[in-house]
Amino acid sequence: MRKVKNKMIDISRKTGLLALAAAAAIGLPLLAAPAGAASDAVKPIQLDWSFEGVFGVYDRDALRRGYKVYKEVCAVCHSMELVRFRNLMEPGGPEFSEGQVKALAADIVVVDGPDSSGEMFERPGEPKDRFPSPYPNPEAAAAALGAPAPDLSVIAKARPDGVNYLHSLLVGYTDAPEGFEVLPGLSYNTYFPGHVLAMPRPLSDGQVDYEDGTPNTVDQMAKDVTHFLMWTAEPKLEQRHRIGFQVMIYLVLLSGFLWFAMRKVWSDQH
Amino acid sequence: MSHQSTYTPGNGFSRWMDERLPIMRLVNDSFVDYPVPKNLNYWWTFGAVLSFCLAVQIVTGVVLAMHYIPTTELAFASVEHIMRDVNYGWLIRYIHSNGASMFFIAVYIHMFRGLYYGSYKAPREVLWILGVLIYLLMMATAFFGYVLPWGQMSFWGATVITNLFGAIPLVGEALRTWLWGDFAVGDPTLNRFFSLHYLFPFLIAGVVVLHVWALHVSGQGNPAGIEVKDPKKDTVAFTPYATMKDAFGLAIFMILFAYFVFFNPNALGEPDNYIIADPMKTPAHIVPEWYLLPFYAILRAVPDKLGGVVLMFGAIAILFVLPWLDTSKVRSARFRPLFKQFFWIFVVACIGLGYCGGQSPDKILIAVGDGGFDVTDLSRVLTVYYFAHFLVLFPVLGLIEKPKPLPESIAASVLSGTRQDKATS
Amino acid sequence: MAQTHAVEPTRRDFLYVATGSFAAVGAAFAVWPLIDQMNPDASVLALASIEVDISNIPVGQESTFKWRGKPVFIRHRSDAEIAAAESVDVAALPDPEADEARVRPGPSGELEKKWLVVIGVCTHLGCVPLSYRGEFDGYFCPCHGSVYDTSGRIRKGPAPTNLEVPPYEFVSDSRILIG
Chain A
1 MRKVKNKMID ISRKTGLLAL AAAAAIGLPL LAAPAGAASD AVKPIQLDWS FEGVFGVYDR
61 DALRRGYKVY KEVCAVCHSM ELVRFRNLME PGGPEFSEGQ VKALAADIVV VDGPDSSGEM
121 FERPGEPKDR FPSPYPNPEA AAAALGAPAP DLSVIAKARP DGVNYLHSLL VGYTDAPEGF
181 EVLPGLSYNT YFPGHVLAMP RPLSDGQVDY EDGTPNTVDQ MAKDVTHFLM WTAEPKLEQR
241 HRIGFQVMIY LVLLSGFLWF AMRKVWSDQH
Chain H
271 MSHQSTYTPG NGFSRWMDER LPIMRLVNDS FVDYPVPKNL NYWWTFGAVL SFCLAVQIVT
331 GVVLAMHYIP TTELAFASVE HIMRDVNYGW LIRYIHSNGA SMFFIAVYIH MFRGLYYGSY
391 KAPREVLWIL GVLIYLLMMA TAFFGYVLPW GQMSFWGATV ITNLFGAIPL VGEALRTWLW
451 GDFAVGDPTL NRFFSLHYLF PFLIAGVVVL HVWALHVSGQ GNPAGIEVKD PKKDTVAFTP
511 YATMKDAFGL AIFMILFAYF VFFNPNALGE PDNYIIADPM KTPAHIVPEW YLLPFYAILR
571 AVPDKLGGVV LMFGAIAILF VLPWLDTSKV RSARFRPLFK QFFWIFVVAC IGLGYCGGQS
631 PDKILIAVGD GGFDVTDLSR VLTVYYFAHF LVLFPVLGLI EKPKPLPESI AASVLSGTRQ
691 DKATS
Chain B
696 MAQTHAVEPT RRDFLYVATG SFAAVGAAFA VWPLIDQMNP DASVLALASI EVDISNIPVG
756 QESTFKWRGK PVFIRHRSDA EIAAAESVDV AALPDPEADE ARVRPGPSGE LEKKWLVVIG
816 VCTHLGCVPL SYRGEFDGYF CPCHGSVYDT SGRIRKGPAP TNLEVPPYEF VSDSRILIG
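Residue numbers (our numbering), protein chains in the order written: chain A, 1 to 270; chain H, 271 to 695; chain B, 696 to 874.
FYI, nobody ran anything at the bench for these hints, they're computed from the structure.
If you're wondering where the values come from, they're calculated on a predicted model, not measured in any experiment.
A few of these clues could be false.
To be verified - One side only, chain H facing chain B, incomplete, derived with CB under 10 Å:
id	residue
1	329
2	330
3	352
4	354
5	362
6	514
7	665
Said to hold, decoys possible - Far from chain A by the CB rule (all over 12 Å, computed), these chain B residues:
id	residue
8	708
9	733
10	744
11	749
12	805
13	859
To be verified - Pairs of lysine to any residue, SDA-like flavour, derived with a Cα cap of 25 Å:
id	chain 1	residue 1	chain 2	residue 2
14	A	236	B	738
15	A	128	B	869
16	H	551	A	128
17	A	236	B	731
18	B	765	A	164
19	A	128	H	347
20	A	68	A	198
21	A	236	H	347
22	B	761	A	126
23	A	236	H	525
24	H	575	H	555
25	A	71	A	123
26	B	809	A	186
27	H	599	H	647
28	H	551	A	123
29	A	236	H	366
30	B	761	A	109
31	A	264	H	297
32	H	610	H	675
33	A	157	A	147
34	A	157	A	264
35	A	102	B	851
36	A	68	A	164
37	B	761	A	122
38	H	551	A	116
39	B	765	A	127
40	B	765	A	124
All C-beta atoms in this analysis are idealised placements derived from N, C-alpha and C, irrespective of residue type, glycine included.
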C-alpha cells in the first residue's frame, strides 16, 4: 500500500515538475519577449480574425476586397515590393484566376531590358512582375510625402499585435483632445504610438466599390485590407496550419508508441 | 566509467573492419552496452534533446544557406524569398528560427539540472567546463545568426554588442573597427557574420564530442548524486533503456517545438525584425533574443560602460569556476535542504533578470511618489544576488548546512519506490 | 558489466516494430522538404514559360530570346529555306527527322513551316552556334565545327543530335508561348 502511495506521489511529483518545466519553457521566453509596446500605447481593438487559431484560414472574399482597397488606396503611397502578381493566383491566398491575374498585371507598365540594341524598354506587366512601387526608392517617397511610407509586404508582422493594430490605426483617426497640439500636415490617431503621424486618414465611407455587395464602410474596408495585409505577410499560413495539425497528431501518436515501448523496455527493472 | 569493451564482431566484414577502424566497437561501447545509472530521471534526457537540436539547426541552416544572400541590399529580401518561393522554405526557416529558441530552452534546463544535482562537481569538472564552453559558442552563434535577416533588431543588436568591445581600454576602438571591417556595422560585417555563423556550429559539434567523451570517462551523474557501487545492480545498458527514454523525451520536446513552428512561429521573436534595417533610425527599444536577456540586464545594470561589459562577461566566466566554489561533499540538492531552497531562488532571479532585460530600464515597477523602484533597480538587486549565489552561497552553504542522509546505493534508492529522503528505513 | 534484459534475439515484438516503423515513416516525411527545397522554386518556375512577339521578325531573319537561361533562335524562314529543309533524304541524316516534325501548327491548325524555333545550344558540348553560317546556311558551331541545316538538323561534325526544339505553341499569329 505504501509502495503504491509512494509511487503515486512520485508520479505526481514527476508530472508536476514536468508541467512546471513546460510552463517555464513556454512562459519564460514569452514573458521576456513582448517589450515592444510602449507603456503609453493604447491597446488596439481586439477582433477575431478567421486566420487566427490552430484551424485558422483566410477568408478569400475578404482577401479580394482587401486587395482592391490596397490597390486603390494604399498603393498610391506605399510600396509592396515582396509581392508579385502571380502570388494572387497561388493557393492559400485570394486565388484569383490566371486570366484575372494576367489582366491585373497587364494594367501596369514595367521597364525591362536592355534589348538587343542596349536600350531599356517598356512593356505591360506580367504575373511574374512585382507589385509596382509608387516611388523609385524610399528617399523619393520621403521627399514627396514628408515622411517615409513603409513597405507593406510584411507590415502585419512588423508591429506588435499587428493585425489588430493595423485595423485600429485605420479606424482610429479622430479629432485631437482639448489642448493637444497637432502640427500642420500631421494627423491625430488614437492608436498610433505618440498619437501624431504623417499619414492622413486614408479611408472614407464608400471610397472603394465592392463588387460583391459588402457594405464599403471605413471599418469594413479597414478589416478587409488588414486581412489582405496578413496574407501578404504570411502567404503560407493555411499550408502551415494544415501540415501543423497533421504533424501534431503524428507526434502525439509517436509519443504514445514510444511511451509504451519504453515502459516495456523498462518492465524488467521495476 | 571506462570499462572493458563487450563488443564482439558479428560477421567476417565486422571483424575485418574492427581490426582497421573499430568504429562499431566505439558505437557499441559508447551508446549500446555503455552502463548508465538506473535511477536517471527525465532531466537526463536533455543531452539527447540538445544533440537533436544541434543536428536540426545544422541541417536546416545548411539548407537555408543555399538560398540566403549575405549582402545588405538583398539579405532581407532573400529571407522573404525563402519564405515565399522556395519549396517548403517557410517551414525550414521557421524550424531554424524557433529551433534556436528550443536549443536554448533545452540548454538552460540542462544547465539547471547540472546545478541542482551537482553534476559540475568532481570528477566532472572538465565535463562542466566543456559544457559552459558549448554554451558560450551557442550564444556567439545565435548572435551572428540573428544579424543575418538584416532587420532592425539584427542591425541595431549587432551595433550595440559590437560597440561593447569599444569599451575595452587601449585596444577597444581598433578591435571594434576590426570586427566591423567598416566604420559601422555594414556589408563587410554581415558577410563575415554569415561565414562565422556557418563555422561555429561545427566548433560546437567538436566540443560536444569532447563533452560526451569526458562524460563517458566519469559516467553519468544521477539524481541521488552517489557513485555507482555495483554496476550489475546500479546500472542498465544505454541501449535500449536510456535510448528509449531519450526517444520519448525527445518526442514530447518535439510537440512543443512543433507548436511554435506551426502555430506561433513569431511568438519568441521581435516584430521590429520584420522592418528592414535602417542605419538612420534607431528603434525605440533594442532587445536581443530572449535567451540573451539575463546577460543584457546585467550589462545595463551597471552605470559604467566598461563595468557593464566586465560584469556581463563575468557572469558567464564565473560558470567556468563553479566546481571550485562549491564546498559541499554532497552532490545532489535532494539531500541539501538549504542549497535546494537557494537553487529555486536562483532560478527566480534568472527569470527576473530575463524579464528586466526585455523591459525599458526606467519602467517603474513599484511607484513611490514621483519615481519609484524601477527595472534598473531590480536588475541591480538581481545581479548582486546572481554573483552572491556563486561567490558567497556556494562556498558557505557547503560548510554550514546539514545534509540529509544519502541512500545506501543507487539500486537501493530505486527499490524504495520513491526518493530516499521520504523513506526513513 | 552492464545489466541487459533477457531478450531472445529472434523475437520480434510487435510494439517495437510498430514504433520503429511509425518513427521511420515520420522521418521520411520530415526529410522530403529538405530534398524538395533544392528543386526549382516558385520564382524560377514562373520564368519557365515566356511569350514572345514574333511579328517584328522579317522573312529571312532570326531573333534570339532567353528561355530558361538558354538562347532560343526563332527564325522566319524563306520559302527557299523551307524547300531546302524538305528536299533532304531524311533516312540519310545523322539524326533522322523530317522537317515537318520540327515545326508546329499555328492558330489555324496548319503547320507553320515558316517559323523554326530551336534551342541555340549545340548538342555536342553546349556552345552557342552561329546563325546563317555553314554549308547549309543553317547554323555553324565554331567550337568543334558542327554544321546544322535550315531545319536545325545536324549534318556534319561531332554533334550527335539535331538542335532541340523546345515545347512551344502559337497563342496567336504573332505570339508564341515557349515552355
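Query raised in the report: Hey, residue 236 of chain A versus residue 366 of chain H, does the alpha-carbon distance stay inside 25 Å?
Result: This hinted pair holds, its Cα atoms lying about 17 Å apart.
Query raised in the report: Between residue 264 of chain A and residue 297 of chain H, is the straight-line Cα distance small enough, at 25 Å or below?
Result: With a Cα-Cα distance of about 24 Å, the restraint between residue 264 of chain A and residue 297 of chain H holds, given a limit of 25 Å.
**Report entry** Given pair status - residue 123 of chain A, residue 71 of chain A, alpha carbons within 25 Å
**Finding:** Since the Cα atoms of residue 71 of chain A and residue 123 of chain A sit roughly 20 Å apart, the hinted pair holds (cutoff 25 Å).
**Report entry** Pairwise hint evaluation, residue 124 of chain A against residue 765 of chain B, where the allowed Cα distance is 25 Å at most
**Finding:** The given pair, whose Cα atoms are some 23 Å apart, holds under the 25 Å limit.
Query raised in the report: Close enough to count: is the Cβ of residue 329 of chain H nearer than 10 Å to one in chain B?
Result: holds (7 Å)
Query raised in the report: Taken at face value, is the distance from the CA of residue 738 of chain B to the CA of residue 236 of chain A at most 25 Å?
Result: Roughly 15 Å between the alpha carbons, so the hint for residue 236 of chain A and residue 738 of chain B holds.
Query - residue 665 of chain H as chain B interface residue, shortest Cβ-Cβ below 10 Å - result: violated (37 Å)
Query raised in the report: Straight-line Cα separation of residue 157 of chain A and residue 147 of chain A no greater than 25 Å?
Result: holds (21 Å)
Query raised in the report: Is it correct that the beta-carbon of residue 744 of chain B has no partner in chain A closer than or equal to 12 Å?
Result: Its Cβ does come within 12 Å of chain A, the nearest being 10 Å, so this is violated.
Report task. Examine each Cβ of chain A, and state whether all of them lie more than 12 Å from the Cβ of residue 733 of chain B. Result -> holds (18 Å)
Requested in this report: Against chain B, run the beta carbon of residue 514 of chain H and see if the smallest gap drops under 10 Å.
Outcome: holds (9 Å)
Report task. Mind checking the alpha carbons of residue 575 of chain H and residue 555 of chain H for me, to see if they're no more than 25 Å apart? Result -> holds (18 Å)
Violated hints, listed in ascending order, are 7, 8, 10, 16, 18, 26, 27, 28, 34, 35 and 38; each of the other numbered hints is respected by the structure.
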